[in-house]
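Novice: Going line by line, the protein sequences match chains A and B.
Under our numbering, the first residue of the first sequence carries the number 1, and numbering increases by one thereafter.
Under our numbering, the first residue of the second sequence carries the number 1, and numbering increases by one thereafter.
It is worth saying that the hints were derived from the structure and are not from the lab.
Each residue gets a CB set at the ideal place from its N, CA and C atoms; glycine is no exception.
Don't take every hint at face value.
Stated by the list, open to error - Here are the computed distance ranges between Cβ atoms for each label pair:
no., chain 1, residue 1, chain 2, residue 2, range
1, A, P91, B, A20, 23 to 31 Å
2, B, L11, A, V150, 44 to 52 Å
3, A, P163, B, K157, 26 to 34 Å
4, B, T131, A, F156, 18 to 26 Å
5, B, E132, A, P174, 20 to 28 Å
Claimed, not checked - A short, non-exhaustive set of chain B residues, derived as facing chain A with CB atoms under 7 Å:
no., residue
6, A20
7, L22
8, Q36
9, L38
10, P124
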Amino acid sequence: MNLKDQFTRGLVQENPLFRLLLGMCPALAVTTSVNNGLGMGVAVTGVLLASNIVVSAMRKVIPSSVRIPAFIVIIATFVTITDMLMHAFTPALYTALGIFIPLIVVNCIILGRAESFASRNTMLPAIVDALGMGIGFTVALVMVSAVREVLGAGSFFGLPLLPENIPALIMILPPGGFIALGCILGLMNKFQRKTA
Amino acid sequence: MRDILKLGLFLLLVAGVAGASLSYVNSLASPLIAAQILQNKLDSFKEVYPQSDKVVDETTTHLIPPHDPVIKEVNVAYLEEVPVGVIYAVETKGYSGPIALLAGFDIATARITTIKVLSQRETPGLGAKATESKFYDRYKDKGIDLALEVTKTPPLKENQVQAITASTITTKAVTKGVNAAREHFIAHFAAVKQP
Numbered sequence: 001m002n003l004k005d006q007f008t009r010g011l012v013q014e015n016p017l018f019r020l021l022l023g024m025c026p027a028l029a030v031t032t033s034v035n036n037g038l039g040m041g042v043a044v045t046g047v048l049l050a051s052n053i054v055v056s057a058m059r060k061v062i063p064s065s066v067r068i069p070a071f072i073v074i075i076a077t078f079v080t081i082t083d084m085l086m087h088a089f090t091p092a093l094y095t096a097l098g099i100f101i102p103l104i105v106v107n108c109i110i111l112g113r114a115e116s117f118a119s120r121n122t123m124l125p126a127i128v129d130a131l132g133m134g135i136g137f138t139v140a141l142v143m144v145s146a147v148r149e150v151l152g153a154g155s156f157f158g159l160p161l162l163p164e165n166i167p168a169l170i171m172i173l174p175p176g177g178f179i180a181l182g183c184i185l186g187l188m189n190k191f192q193r194k195t196a
Numbered sequence: 001m002r003d004i005l006k007l008g009l010f011l012l013l014v015a016g017v018a019g020a021s022l023s024y025v026n027s028l029a030s031p032l033i034a035a036q037i038l039q040n041k042l043d044s045f046k047e048v049y050p051q052s053d054k055v056v057d058e059t060t061t062h063l064i065p066p067h068d069p070v071i072k073e074v075n076v077a078y079l080e081e082v083p084v085g086v087i088y089a090v091e092t093k094g095y096s097g098p099i100a101l102l103a104g105f106d107i108a109t110a111r112i113t114t115i116k117v118l119s120q121r122e123t124p125g126l127g128a129k130a131t132e133s134k135f136y137d138r139y140k141d142k143g144i145d146l147a148l149e150v151t152k153t154p155p156l157k158e159n160q161v162q163a164i165t166a167s168t169i170t171t172k173a174v175t176k177g178v179n180a181a182r183e184h185f186i187a188h189f190a191a192v193k194q195p
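Extracted from the complex, chain A is given alone in its bound form (with noise of 0.2 Å):
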């Protein structure tokens, strides 16, 4: 498989959170706006690819019994730098994805692609891996997030669009979360069954 086949599914025949539903905890919980769902999707491919690549780096030294652990130590220490980095430099963010950035840790993508891929390939493929599957998600809740926060909110990346009275509150309140990805999702297979 070539290095550019490898970026594209992550972005469309693999993606993350509509094909392989991974991740969806901080999907369904942090994407009521735009702004949110580009935040922590932008902190996800940041662990993702860090990992990824000392992953793959060190995918001879590490003994196949003790992988597991080792994969969950080094994606913890990135999502904790991670973690201070955005309380340091975009305390607004910080405040607003609150408990989600720690629970990066635990997100399935990451120790996904660390078991699967990168422990199993050379450092070049690993960084295109994560940098496909880590903006699929992106792009993913980011496209959630647009359908609840322009539903719910009224308005796109904090711009008004919608008066006063027309939004449904409901879209950023969390059964707008299931709603909305839900409503995509069936939407995906339905076309892709017919090109199919």
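Got chain A sorted already, so can you dock chain B onto it with the hints?
Specialist: Frame of chain A; chain B shown alone:
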């Protein structure tokens, strides 16, 4: 046995390297984070009480136990070394979690300057509207002769505050905090006259 030792040592090494790199990043980031928090606090003080050149945390001098547990901090605003205002940090229980807010009082006029909500976990779109300046304006320039009370209709009397639609609990929580600060202000600062 040898295997277990080898694996244990390997994990120890990984954890050691991780710990070392974390402490390095922390040593770089923690001063920035501390500065960030302080700057944020000073900016909020400026919003609540703009006409001052210095704000001093005098919690230990003015907050003598037993006191209302709602009040967390008493900050005094100075202008040219004269105390002109008091900024209270209070924390009350809202609809879905604690609400931390600042309430500013002017000593000369004995009125509330304004309030600012620092952190809250209220329902987005409902109680979370308590962080909008439109809501702060409902407390702006209120007198302190009577305790504030919450109404569901536009206020008729000076001491009435209109609740956020469908978020009366949030409004009551904020008002409770402001009232606690008001009582402390009356007891400790209202008597202080300008020289």
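Novice: All the hints need checking, so say for each whether the structure fits it.
Specialist: Evaluated hints:
{"no.": "1", "hint": "P91(A) to A20(B): 23 to 31 Å", "in the structure": "holds, 26 Å"}
{"no.": "2", "hint": "L11(B) to V150(A): 44 to 52 Å", "in the structure": "holds, 47 Å"}
{"no.": "3", "hint": "P163(A) to K157(B): 26 to 34 Å", "in the structure": "holds, 32 Å"}
{"no.": "4", "hint": "T131(B) to F156(A): 18 to 26 Å", "in the structure": "holds, 20 Å"}
{"no.": "5", "hint": "E132(B) to P174(A): 20 to 28 Å", "in the structure": "holds, 22 Å"}
{"no.": "6", "hint": "A20", "in the structure": "violated, 10 Å"}
{"no.": "7", "hint": "L22", "in the structure": "holds, 6 Å"}
{"no.": "8", "hint": "Q36", "in the structure": "holds, 5 Å"}
{"no.": "9", "hint": "L38", "in the structure": "violated, 12 Å"}
{"no.": "10", "hint": "P124", "in the structure": "holds, 5 Å"}
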